[in-house]
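Asks: Numbering that gives the first Met the number 0 applies: residue 0 is where the sequence shown begins, and numbers increase by one.
To be clear, the hints were calculated from the coordinates, so they are not data collected in a lab.
Just so you know, even glycine gets a beta-carbon here, dropped at the ideal spot from N, CA and C.
Please note that the accuracy of each hint is not assured.
Distance ranges between label pairs, derived from CB positions [what the hints assert, rightly or not]:
id: 1; residue 1: His-32; residue 2: Glu-127; range: 26 to 32 Å
id: 2; residue 1: Gly-179; residue 2: Arg-233; range: 26 to 32 Å
id: 3; residue 1: Ala-84; residue 2: Leu-178; range: 27 to 33 Å
id: 4; residue 1: Glu-225; residue 2: Leu-178; range: 36 to 42 Å
id: 5; residue 1: Gly-27; residue 2: Leu-178; range: 35 to 41 Å
id: 6; residue 1: Leu-178; residue 2: Pro-258; range: 34 to 40 Å
id: 7; residue 1: Asp-116; residue 2: Gly-154; range: 15 to 21 Å
id: 8; residue 1: Leu-40; residue 2: Thr-139; range: 25 to 31 Å
id: 9; residue 1: Ser-261; residue 2: Ala-174; range: 31 to 37 Å
id: 10; residue 1: Ser-261; residue 2: Asp-177; range: 31 to 37 Å
id: 11; residue 1: Gly-98; residue 2: Ala-164; range: 32 to 38 Å
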Amino acid sequence: MTDRFLAALAWGPMILDAAMGTRLVARGLDLAHDDPALWNLSHPESVAEIHARDVAAGSDAVLTNTFGANRPWLARSGRADQVEAINRRAVALARRAAGPDHFVIGSIGPTAADDPDACREQAEALIEAGVDALLLETQTLKSAASGLRQLRDRGGPPVLVSLYAWPRSADPVLALLDLGASALGGNCQPSEALLRLVDQLHARTSAPLLVQPNAGPPGVPPASPESFAGFVPRLLDAGVRLLGGCCGTTEAHVATLRPACSHQT
0 MTDRFLAALA WGPMILDAAM GTRLVARGLD LAHDDPALWN LSHPESVAEI HARDVAAGSD
60 AVLTNTFGAN RPWLARSGRA DQVEAINRRA VALARRAAGP DHFVIGSIGP TAADDPDACR
120 EQAEALIEAG VDALLLETQT LKSAASGLRQ LRDRGGPPVL VSLYAWPRSA DPVLALLDLG
180 ASALGGNCQP SEALLRLVDQ LHARTSAPLL VQPNAGPPGV PPASPESFAG FVPRLLDAGV
240 RLLGGCCGTT EAHVATLRPA CSHQT
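Build the full structure now, drawing on both the sequences and the hints.
Replies: Spelled out as structure tokens, the structure:
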């Protein structure tokens, strides 16, 4: 599956999914008292339905609902002993929607990436459950580098890196390629900010680039699916090969990406 994933990435743009948390909240998740990762066990059909909606809208790959499914984060709710069970269930739910023709990417958030033991434990569970790639998501340079160091000697599927903050210089970001990243990019920022990042990176590397823009900051009406897709031509010109959505996006945003990518290519 690793070879198939990388081959698909080289062939053309890969459309990712939209925000899981946004849509779980719309289905009743109370972030003050609950956690998205726990819904893999408590509300599996809601998670599976969201994955299925993304695939139906045009996603080539879906991210597992595991952004916070690591020991330090789950310990806050007394669920530290359920790391393996939650990650395995999350992969199974994503795979149910993805089927044999789409990919499943294991999401690892910064809390795990910053903690060597937590990163290895979560990655092991995701890999054993059969993900096609791992994504170190919403990372700082420090947490991304730490996560890559834990994973580079293990072998296994490709590791993608998505930052939510980065320096003005591209050099420290590009250094993540030397630590084993198969793709680089950013998420949880507006499209304009991510376009500036990938423009910088594309000038220096031919590595696949990744963006997951949000639909706008909290308290501001979210960007429409059509305006979201309006950035696709420039993103593809800047070397982006993995394109999805972060906070505030839904399957309606995903549905605009396929036509935009097809028109561009």
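Asks: Now, for every hint given, state plainly whether the structure supports it.
Replies: Hints and how they fare:
{"no.": "1", "hint": "His-32 <-> Glu-127: 26 to 32 Å", "result": "31 Å, holds"}
{"no.": "2", "hint": "Gly-179 <-> Arg-233: 26 to 32 Å", "result": "28 Å, holds"}
{"no.": "3", "hint": "Ala-84 <-> Leu-178: 27 to 33 Å", "result": "30 Å, holds"}
{"no.": "4", "hint": "Glu-225 <-> Leu-178: 36 to 42 Å", "result": "38 Å, holds"}
{"no.": "5", "hint": "Gly-27 <-> Leu-178: 35 to 41 Å", "result": "40 Å, holds"}
{"no.": "6", "hint": "Leu-178 <-> Pro-258: 34 to 40 Å", "result": "36 Å, holds"}
{"no.": "7", "hint": "Asp-116 <-> Gly-154: 15 to 21 Å", "result": "19 Å, holds"}
{"no.": "8", "hint": "Leu-40 <-> Thr-139: 25 to 31 Å", "result": "29 Å, holds"}
{"no.": "9", "hint": "Ser-261 <-> Ala-174: 31 to 37 Å", "result": "34 Å, holds"}
{"no.": "10", "hint": "Ser-261 <-> Asp-177: 31 to 37 Å", "result": "34 Å, holds"}
{"no.": "11", "hint": "Gly-98 <-> Ala-164: 32 to 38 Å", "result": "35 Å, holds"}
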